[in-house]
Structure formats: structure tokens, C-alpha cells
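**Q** Each chain, letter by letter, is given below.
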Amino acid sequence: DTGVSQDPRHKITKRGQNVTFRCDPISEHNRLYWYRQTLGQGPEFLTYFQNEAQLEKSRLLSDRFSAERPKGSFSTLEIQRTEQGDSAMYLCASSAHGVGTDTQYFGPGTRLTVL
Amino acid sequence: GIQVEQSPPDLILQEGANSTLRCNFSDSVNNLQWFHQNPWGQLINLFYIPSGTKQNGRLSATTVATERYSLLYISSSQTTDSGVYFCAVAVAYGGSQGNLIFGKGTKLSVKP
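As given, the protein sequences belong to chains C and Y, one line each in that order. So for the first sequence, my numbering puts the first residue at 1; every next one is plus one. So for the second sequence, my numbering puts the first residue at 1001; every next one is plus one.
In case anyone wonders, no lab produced these hints; they're calculated from the structure. There's no promise every hint is true.
Listed next, with one range per pair, are the computed distances between beta-carbon atoms [as the list claims (entries may be wrong)]:
#1 Y:Thr1020 <-> C:Gln41: 41 to 51 Å
#2 C:Phe74 <-> Y:Ser1075: 33 to 43 Å
#3 C:Asp63 <-> Y:Pro1008: 37 to 47 Å
#4 Y:Ala1017 <-> C:Gln54: 26 to 36 Å
#5 Y:Asn1045 <-> C:Leu39: 16 to 26 Å
C-beta atoms are modelled at their ideal positions from N, C-alpha and C, and glycine is treated no differently.
Make a model of the complete structure from these sequences and hints.
**A** Structure follows, in C-alpha cells:
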């Protein structure tokens, strides 16, 4: 059983460019979450999906951010017109909601640097 | 919203020592997890423990939900235990029943 995977692991971009990250959850996990972590802080929730439905979005998720989970499998997080303040670690997690526990398992993250 | 406070913020131990990390939360929760974040940023799930006591090797955790706190015990610490330990909770009511709210973490350094 493979864990949560994320791609790419690192991304350096120039301000104003668009970037897209991918997350592959643990197979058969119905919930998928996105979090963002800046240096010295705990992760902050961005959004989550149950199957293909996006059920909640944080106020941190500005209009420049969009997430999708087509067919309820992998998910993508796109940031348009990146700003230096978007530099952070973007973490993905998945869980099997409603089946015993709701333990969230995290991927290794994508570290974004906006120059 | 719910507040999650962890203490102490920093902890330095000699190898072999024991320690207790604390997490206080301000409202009812239906999910509480402890994580260890290693130096490469990977969040490793230690315990899913919204209530009760669990043990896994040298680590154990206790959550007293009625008093809104959880404790993580590390016994016979090793240098590989170094890193940041996070407590994270999910609220037990309302629409936000999925996302975890994280504390600021306890940074543990174990010296050889």
C-alpha cells in the first residue's frame, strides 16, 4: 500500500507565473485535503474533497487558487499569477472517512518558491 | 474558531530522557492527531486519539476530551526523535468537520 504522493517536490517560479501541483491519495481514500505551511508555523487548511465534490474552502483560498479532483482520484491545485507571499510548503492528505477512524495521512509536500 | 495551544514551544533533551508534550484545545473535537514532522518536512502520523490512551513502542498518548487536553509521552528519547511535534484537531459540530486545525508545534532537540 503506497502512501500519499505529491508532484513536484520542489517548484521555483517567477512572480506572475501559474503553477500546478498534483496529489495522488492513498487508493480508496474518499477524502483528500490540501494544506499550506509557512516557515515556523503549523499547516493551515485550504480545501477538501469527498470523492469528486469540493466540500469546503478556507478563506485563505483566494480567487487565484483553484483545486479539482476529477473522478474522485488524484487532485490538482493551481495557483494563478503567483505572488511572493505564496511561497510555502503545500501539503496534501487523504483519509477514509466513515470507515472506522478519520486518520489523515500526509504526503511529502511540494515546496514552492516564488521569486 | 477553535484554538489549539501546544507546550512547551521548545524542548531540549539528553538522549535517554523522558518527556511530556501537552496540547490544549478550546472546544469539542471529533478528531485529534499527533504528528512528527521530520527535518525534510514530512508529517508522520503518530496517533489518532480523540479520546482515551494509546501506546506505540516508546510513544504513548492520552486525550481527556472532557477536559480538552491531550498529552504525548516520549520515553527513552533518541536523536531520531528530534523534529517538530504537532497536535491537530477537527471540530465536532457545524460544517467544518473535515479539516484539521494545527497547533504551533513543539520543537524537540535530542542531544547525544
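**Q** Against the range 41 to 51 Å, how does the distance between the Cβ atoms of Y:Thr1020 and C:Gln41 compare: consistent or not?
**A** violated (23 Å)
**Q** Does the hinted range 37 to 47 Å hold for C:Asp63 and Y:Pro1008 at CB?
**A** holds (39 Å)
**Q** Does the Cβ distance between Y:Ala1017 and C:Gln54 fall inside 26 to 36 Å?
**A** Given about 46 Å between the Cβ atoms, the range is violated.
**Q** Does the beta carbon distance between Y:Asn1045 and C:Leu39 stay inside 16 to 26 Å, or does it fall outside?
**A** holds (22 Å)
**Q** 33 to 43 Å was suggested as the range; check whether the CB atoms of C:Phe74 and Y:Ser1075 agree with it.
**A** holds (40 Å)
Hint compliance for this structure: hints 1 and 4 are broken, all remaining hints hold.
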